[in-house]
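Construct the entire structure; sequences and hints are all you get.
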Amino acid sequence: MRLHSVLRTTTKLLMPPIMLFALYVQFHGDYGPGGGFQAGVIFAVAFILFTLIFGPVRARRVAPAWVTTPLCAAGVLLYAGVGLVTMALGGAYLDYDVLAHTPLHGQHLGILLVELGVGLTVWAVMVSIFLAFVGRDTGALADEADTDTDTGADTGAGDGHA
Amino acid sequence: MPAAAPGGRTDAAMEQIIDIVLLAFMVVVAIAMIRLRNLYAVVMLSGIYSLLSASMFVVLDAVDVAFTEAAVGAGIATVLMLGTLALTFREERPPKRRTPLLPLAVVVVTGAALVYGTLDMPHYGDPEAPIHQHVAPRYIADSPLEVGPPNMVTSVLASYRGYDTLGETTVIFTAGIAVLVLLSGVTRRRQRRRPARGDESREARR
Amino acid sequence: MLETVLGLYNYWIVIVLMMAGFYTVIVRGNLVKKVVGLNIFQTSVFLLYITMGTVEGGTAPIVDAGADLYTNPLPSVLILTAIVVGIATTALGLALTVRIRESYGTLEEDEIIEIEDRMDGEV
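Residue numbers (the numbering used here), protein chains in the order written: chain X, 1 to 162; chain Z, 163 to 368; chain E, 369 to 491.
Don't take every hint at face value.
[Stated by the list, open to error] The calculated lysine to aspartate or glutamate pairs, modelled on EDC-like cross-linking and capped at a C-alpha distance of 20 Å, are: (1) E:Lys402 / Z:Glu254; (2) Z:Lys258 / E:Asp478; (3) Z:Lys258 / E:Glu476; (4) E:Lys402 / E:Glu490; (5) E:Lys402 / Z:Glu253; (6) Z:Lys258 / E:Glu482; (7) E:Lys402 / E:Glu477; (8) E:Lys402 / E:Glu482; (9) E:Lys402 / E:Asp478; (10) Z:Lys258 / E:Glu479; (11) Z:Lys258 / E:Glu470; (12) E:Lys402 / E:Glu470; (13) E:Lys402 / E:Glu479.
These are computed hints drawn from the structure, not numbers from a lab.
Structure (structure tokens):
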């Protein structure tokens, strides 16, 4: 892909609008169609496009494993944490009414945080899954040659590399 | 679109026609997907299938679902399937001469039983259907007052059914971690000490 | 008669798609094809739910001054999350497929079973 200058330039042009659109979908989900699930997926699509054009090595520099893997958990923890905060403030688990001075504002804040958690997890999981598939490609290339020649019984038993 | 508009009748008829055509397309694409043996073509068709179902969701007034299906089904699922094909095979092996009569019979009988079951179901779009009598009216009438956001899907998703969504998010998290364990862990270990893998490592180092 | 056909058409197509997916899963030996079959099945279930939630003359469930009849938001919520969970589980299935191909060198069910049998015989 090193020589496709049209693809590379278009990707660079497209990435910011895609990410901006994802953020719009994330925070406008209360008013129109959208929300954390869609926003997370669209935000991940920007990274997937980047990986397709620039390769997994550069993509891992943009979204390293130490960022994406913890963020998978961070979203769920944020979601569950909002529930704990509402309990600490005297409400039921995930009852957002107590988060602000009026129930409606509390609900708004709660939904915003919870959707943010969903979006984080979905984004991180989608990017991690995709990069795992792509990274497998380069990582397993050396093994492929072995596996192709001997598909017999020993491949399953002990993986005949030894 | 207010239903009471003068063109309401033709609008409904138009919607019905679009509905029929889109669903017919989906059946055609699904059958093509089953019959083809070139897996690349199958994956491309599955992208089209997702796009058709997303259009179908728009026709059925479920815009949030359509949005998700378009992004997930036509986008990510296709790319992941292509990634899998790159790591495995592009062609399906031709079948060993064995006409699948028994499975076909099972499928036809099951389908016939299900069709028989639908005969008692409320018709498409019937406002008196049981599904519209319970819970949903409460969401539609009270969610703007109790929760706030104009998009009822968001209020139900994040507030009324917050537990549900927490569970779904956890499932996504778990699936993601499982994929990471399956695909990235072993490669890294293998690169460090080639022959070692799992329980074999002790024996191999002897 | 025509009214019945039109009223139940969506459900029947859902059943056809569902059976198409079911057939793929039980007949085809290729594991990738099985995953595709599961996806067809899954989408048919989504369509079933959304079809049930539709109200004739209704509009999308977003509060609008001009609208008084809304589609049922509940199926939308259930299916919206199900789609994203579906892609996560599909990815898991594909990851398993990749690992199976690396260990056995094939994705055809009968060949995998054959290799397993041979291994059992050696032990």
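Structure-based check of each hint:
1. E:Lys402 / Z:Glu254: holds, 11 Å
2. Z:Lys258 / E:Asp478: Between Lys258 of chain Z and Asp478 of chain E the Cα gap is close to 10 Å, so the pair holds against 20 Å.
3. Z:Lys258 / E:Glu476: holds, 11 Å
4. E:Lys402 / E:Glu490: Given pair Lys402 of chain E, Glu490 of chain E is violated - Cα atoms ~30 Å apart, limit 20 Å.
5. E:Lys402 / Z:Glu253: holds, 14 Å
6. Z:Lys258 / E:Glu482: holds, 15 Å
7. E:Lys402 / E:Glu477: OK: Lys402 of chain E and Glu477 of chain E at ~10 Å, within 20 Å.
8. E:Lys402 / E:Glu482: Cα-Cα ~19 Å, so holds.
9. E:Lys402 / E:Asp478: Distance ~14 Å between Lys402 of chain E and Asp478 of chain E Cα, so the pair holds.
10. Z:Lys258 / E:Glu479: Cα-Cα ~12 Å, so holds.
11. Z:Lys258 / E:Glu470: violated, 24 Å
12. E:Lys402 / E:Glu470: holds, 18 Å
13. E:Lys402 / E:Glu479: Roughly 15 Å separates the two Cα atoms, so the pair holds.
In summary, the numbered hints that this structure violates are 4, 11.
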